[in-house]
Amino acid sequence: MVTEQFERILHQVEKPVRYMGNEYNMVEKDKDEVLIRFAFAFPDVYEVGMSHLGIKILYHKINEREDSYCERVFSPWTDMEQKMREFNMPLFALETKDPIKQFDMVGFTLQYEMTYTNVINMLDLAQIPLIAKERSENDPLILAGGPCAFNPEPLADFLDLVVLGDGEEVIDELLDAYKLNKQKKGGRDEFLKAASRIPGIYVPKFYEVDYRDDGTINSITSISDDIPRTITKRLVADLDKAYYPEKMIVPYMDIVHDRIALEIFRGCGRGCRFCQAGIVYRPVRERSADTLLKSARKLIESTGYEDLSLVSLSSSDYSEFDKLLPDLSKMLKSSGISLSLPSMRIDSFADEFKDDIHALKKSGITLAPEAGSQRLRDVINKGVQGQDLYDSVKRALVMGIDSFKLYFMIGLPTEEQSDIIGIGNMVREVKYSRNSLDKNIKTANPRITVSVASFVPKAFTPFQWVAQDSAEQLKAKIALLTTGLRIKGVFFNWHDPSLSFIEAVLARGDRRLGKLLKRAWENGCRFDGWSEHFKPNVWLNSFAEVGVDPHFYANRTRSEHEIFPWDHIDVGVSKDFLLSEYRKALSGVTTPDCRTSCSACGIQNITKGVC
Amino acid sequence: MRLIAKHSKEDRIKYISHLDMMRTFQRAIRRAALPVAFTQGFSPHPKIAFASALPVGLTSEGEYLDIIMESDIEPEEFDARLNFASPSGIKIMQSAKIDPKHPSLMSVIERASYRIFMPVFVEEFAERTEAFLNQPYVLVTKEKSDTMQYVNIRPLIHWVKLNSSDVSEQTLDVMLNSGSKSNLKPQIFADALLDFLKVDRKFFNHKIHRLDMFLVRNEKLVTPLDLVEFISI
Numbered sequence: 001m002v003t004e005q006f007e008r009i010l011h012q013v014e015k016p017v018r019y020m021g022n023e024y025n026m027v028e029k030d031k032d033e034v035l036i037r038f039a040f041a042f043p044d045v046y047e048v049g050m051s052h053l054g055i056k057i058l059y060h061k062i063n064e065r066e067d068s069y070c071e072r073v074f075s076p077w078t079d080m081e082q083k084m085r086e087f088n089m090p091l092f093a094l095e096t097k098d099p100i101k102q103f104d105m106v107g108f109t110l111q112y113e114m115t116y117t118n119v120i121n122m123l124d125l126a127q128i129p130l131i132a133k134e135r136s137e138n139d140p141l142i143l144a145g146g147p148c149a150f151n152p153e154p155l156a157d158f159l160d161l162v163v164l165g166d167g168e169e170v171i172d173e174l175l176d177a178y179k180l181n182k183q184k185k186g187g188r189d190e191f192l193k194a195a196s197r198i199p200g201i202y203v204p205k206f207y208e209v210d211y212r213d214d215g216t217i218n219s220i221t222s223i224s225d226d227i228p229r230t231i232t233k234r235l236v237a238d239l240d241k242a243y244y245p246e247k248m249i250v251p252y253m254d255i256v257h258d259r260i261a262l263e264i265f266r267g268c269g270r271g272c273r274f275c276q277a278g279i280v281y282r283p284v285r286e287r288s289a290d291t292l293l294k295s296a297r298k299l300i301e302s303t304g305y306e307d308l309s310l311v312s313l314s315s316s317d318y319s320e321f322d323k324l325l326p327d328l329s330k331m332l333k334s335s336g337i338s339l340s341l342p343s344m345r346i347d348s349f350a351d352e353f354k355d356d357i358h359a360l361k362k363s364g365i366t367l368a369p370e371a372g373s374q375r376l377r378d379v380i381n382k383g384v385q386g387q388d389l390y391d392s393v394k395r396a397l398v399m400g401i402d403s404f405k406l407y408f409m410i411g412l413p414t415e416e417q418s419d420i421i422g423i424g425n426m427v428r429e430v431k432y433s434r435n436s437l438d439k440n441i442k443t444a445n446p447r448i449t450v451s452v453a454s455f456v457p458k459a460f461t462p463f464q465w466v467a468q469d470s471a472e473q474l475k476a477k478i479a480l481l482t483t484g485l486r487i488k489g490v491f492f493n494w495h496d497p498s499l500s501f502i503e504a505v506l507a508r509g510d511r512r513l514g515k516l517l518k519r520a521w522e523n524g525c526r527f528d529g530w531s532e533h534f535k536p537n538v539w540l541n542s543f544a545e546v547g548v549d550p551h552f553y554a555n556r557t558r559s560e561h562e563i564f565p566w567d568h569i570d571v572g573v574s575k576d577f578l579l580s581e582y583r584k585a586l587s588g589v590t591t592p593d594c595r596t597s598c599s600a601c602g603i604q605n606i607t608k609g610v611c
Numbered sequence: 001m002r003l004i005a006k007h008s009k010e011d012r013i014k015y016i017s018h019l020d021m022m023r024t025f026q027r028a029i030r031r032a033a034l035p036v037a038f039t040q041g042f043s044p045h046p047k048i049a050f051a052s053a054l055p056v057g058l059t060s061e062g063e064y065l066d067i068i069m070e071s072d073i074e075p076e077e078f079d080a081r082l083n084f085a086s087p088s089g090i091k092i093m094q095s096a097k098i099d100p101k102h103p104s105l106m107s108v109i110e111r112a113s114y115r116i117f118m119p120v121f122v123e124e125f126a127e128r129t130e131a132f133l134n135q136p137y138v139l140v141t142k143e144k145s146d147t148m149q150y151v152n153i154r155p156l157i158h159w160v161k162l163n164s165s166d167v168s169e170q171t172l173d174v175m176l177n178s179g180s181k182s183n184l185k186p187q188i189f190a191d192a193l194l195d196f197l198k199v200d201r202k203f204f205n206h207k208i209h210r211l212d213m214f215l216v217r218n219e220k221l222v223t224p225l226d227l228v229e230f231i232s233i
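Keeping their order, the protein sequence lines are chains A and B. Everything in the first sequence is counted per the numbering used here, starting at 1 for the first residue and increasing by one. Everything in the second sequence is counted per the numbering used here, starting at 1 for the first residue and increasing by one.
Looking at chain A on its own, in the form it has when it is part of the complex (with noise of 0.2 Å):
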């Protein structure tokens, strides 16, 4: 409900817009009509949150439902929070301006650590008891879902469910099971215990973590027997025929990624080993052509965008490219439409495309080494050889593009000095590299920038055993790229070291940290992804405040025989196969694509024997 108060809010924000909704395709609905409402909740500010695909997806998805009516809720900005707290206003969906206290279900998507103290600052501005236990039956059930749910463990108090996997396989399932439950007048416990038999669905409170004097896990058990030991994703085994909305919010205010999103395939085969998606979303699964430019028609003439994107975690990995491109580009061209090809890897950058691939000579071309020798390069599994690089930035110079970004990590296991050198090196061999080309053909004076990131080891990787580098050795190391990335025409950025550590502390964190998130909540943390709210001070204040040593989580390198507080739950690919990957990397040797060559990852347990 719109009040005299809210305009008069609106009037005194930043970018009003963001609050507004009433976008061209937002569903409408009478709420008295709908059994379940359904808050969909995005723990960053509204223009991340709407280029987010998950949301587009599940968005329309609940909404095919006649008894469901599903909303959204961002972050609001820091001035909005200000104003919001001063009126004393309760956090509200955009679609019918209704504060979301007052929905069913408020389902948040986790796709960064570094957004967990939002789902607490937005908890408290709905003004939702924040601990799970706290809750009483006119509460909504607060619900968790994205990458970073397969380890929910440091927001396991404040969360009352969590869905591991693709949400759309197990949504209705979990929402005829709240609806069976209400009109049997069920309450929320009965229906929490409904839930958890429900393959998927976790539900935290369930489960008791016992640890040993070392700080280690000593046993993960449910509470009663009718309670699953372990839980297990789930996933679109047909993703041809998998939903995919027709429609899709067109916002007004221009968002971080504002296009049609068009996801051409799910997972990833290429076993990256510093990657979680490479090995979460397992196995890879794509959309046909034909299905693909069904659907790219109904979104053009349903969105009126400009622009079209291709989005998977690997691109030029789909199979069917070669049937795509020259229909989809046909199709596009006719409607004025551009076309843009996020995640180009290096190795398959391929001359036939370059006619399709205008949008590339405005954007550049982006290329991700990942690390700066061969040998570091085999130890992450990142399949692409030096020359690869070389030759794809020469053949996009003859095609006239002349901007390239160059993505490395610094941390990664067995790094030495000879590697980072090595990245300076790889750089002024692209900045220099039309050297070595025919000096009849013009070529521009490519522009390099070159992103640095600190490497955070993750749960579910083969790495998730190792220590991450201390804030200190990954300044040195950024200090000695400063120096051999001092070269004309190359600009060079990095991430905050502080930030990763934080970030790799709650990647890996148990249930201990729960208290930690909310006293740096306390204590004014919130957006930390975003530079100019990070307070690295803030948080390391916080951990001394409730006794929690992050470097406990971050910096100390795991025994083979660990329990892993996310141990009780199960993506497919086995903890034995991510051993035997990190042993590999320590030595050096490769692991072949799994589309190439099953490793045997143990995501056949789920397919039932289907990759």
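Honestly, I wouldn't trust all of these hints.
[What the hints assert, rightly or not] Listed next, the in silico DSS-like pairs over lysine-lysine satisfying Cα-Cα at most 25 Å (straight line):
1. B:202 / A:83
2. B:91 / A:15
3. B:207 / A:15
4. B:47 / A:330
5. B:91 / A:29
6. B:47 / A:333
7. B:101 / B:181
8. B:47 / B:91
9. A:97 / B:207
10. A:31 / A:97
11. A:15 / B:202
12. A:97 / B:91
13. A:431 / A:442
14. A:83 / B:207
15. B:91 / A:247
16. A:405 / A:431
17. A:97 / B:202
18. A:15 / B:101
19. B:161 / B:198
20. A:184 / A:133
21. A:15 / B:185
22. A:101 / A:179
If you are wondering where the hints come from, they were derived from the structure by calculation, not from laboratory data.
Got chain A; can you put chain B on it based on the hints?
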């Protein structure tokens, strides 16, 4: 072929900026598959222009869009198709063909009329508003680089008309200079009036509604749609 289209911007979308409004129309035009002419080049855009930017937070029933068409279309069909493809909160009220050689609407608009909603009930509203207008000067401050300047806005105010004045809602209509030659933002006028009336501005939502815009033709004020009658196509 060139069309001008009169449209509204309603309450629920009043916070959209001028730039976002432009993008919104570009996308609505694509959805409606209207034969609008596109710019050449890498990312083609429909050839459309607004007659005047509406400040963020204001509603309107008198906005105008200037559109170059690729091929002929009847204005009625244009209205129907664009309305179907527009977000709720934008309504195309009427469009008409205009001489393609006529200068852009943006360059000829000279005035605009607004309705201003008073935030609180003002006693002796009519008398005090008249006193406001009877001042020889209405000075407002204007920030210019480092210095503050005083500007007399009185000559930019053409008339003020009081509407119903019951306790529930007091409104007044006003005609102000608008356009590229001389422009007075209605918020500045409203702030000056409220200060004069000693109304605390912190209660003011800037609830202002644009009624229409005007240009001068044969020494008479006409709306852009009236132009159609003056120019034979």
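Right, here's what the structure says about each hint:
Under the criterion of a C-alpha separation no larger than 25 Å, the hint pairing residue 202 of chain B with residue 83 of chain A is consistent with the structure, at around 14 Å. The suggested pairing of residue 91 of chain B with residue 15 of chain A holds, with an alpha-carbon distance near 23 Å, which does not exceed 25 Å. With a C-alpha separation of about 18 Å, the suggested pairing of residue 207 of chain B with residue 15 of chain A holds against the 25 Å cut-off. Only pairs whose Cα atoms come within 25 Å are accepted, and residue 47 of chain B paired with residue 330 of chain A is accepted, the gap being roughly 23 Å.
With a C-alpha separation of about 21 Å, the suggested pairing of residue 91 of chain B with residue 29 of chain A holds against the 25 Å cut-off. At roughly 18 Å between alpha-carbon atoms, residue 47 of chain B and residue 333 of chain A fall within 25 Å of each other, so this suggested pair holds. With a CA separation close to 21 Å, the supplied pair residue 101 of chain B and residue 181 of chain B stays within the 25 Å bound. The straight-line distance between the Cα atoms of residue 47 of chain B and residue 91 of chain B is roughly 19 Å, inside the 25 Å bound, and the hint therefore holds.
Under the criterion of a C-alpha separation no larger than 25 Å, the hint pairing residue 97 of chain A with residue 207 of chain B is consistent with the structure, at around 20 Å. Among the hinted pairs, residue 31 of chain A with residue 97 of chain A is consistent with the structure: their alpha-carbon atoms are about 11 Å apart, no more than 25 Å. Note on residue 15 of chain A and residue 202 of chain B: the hinted pairing holds, with a Cα-Cα distance of about 19 Å set against a maximum of 25 Å. Taking the CA atoms of residue 97 of chain A and residue 91 of chain B, the gap is near 23 Å; set against the 25 Å cutoff, the hint holds.
For the proposed pair residue 431 of chain A and residue 442 of chain A, the alpha carbon gap of about 15 Å is at most 25 Å, so the pair holds. For the proposed pair residue 83 of chain A and residue 207 of chain B, the alpha carbon gap of about 19 Å is at most 25 Å, so the pair holds. Between residue 91 of chain B and residue 247 of chain A the CA atoms are separated by roughly 21 Å; this keeps the pair inside 25 Å, and the hint holds. Proximity of residue 405 of chain A to residue 431 of chain A is assessed by CA-CA distance (about 11 Å); at most 25 Å being required, the pair is judged to hold.
A distance of roughly 23 Å separates the Cα atoms of residue 97 of chain A and residue 202 of chain B; the hinted pair therefore holds under the 25 Å criterion. At most 25 Å may separate the alpha-carbon atoms for a hinted pair to count; residue 15 of chain A and residue 101 of chain B exceed this at roughly 38 Å. Straight-line distance between C-alpha atoms of residue 161 of chain B and residue 198 of chain B comes to about 20 Å, which keeps the hinted pair within the 25 Å bound. Distance hint between residue 184 of chain A and residue 133 of chain A is fulfilled; the C-alpha atoms sit about 23 Å from each other, no more than 25 Å.
Under the criterion of a C-alpha separation no larger than 25 Å, the hint pairing residue 15 of chain A with residue 185 of chain B is consistent with the structure, at around 20 Å. For the suggested pair residue 101 of chain A and residue 179 of chain A, the alpha carbons sit about 18 Å apart, so the restraint of at most 25 Å is met.
When held up to the earlier numbered hints, the structure conflicts with hint 18 and nothing else.
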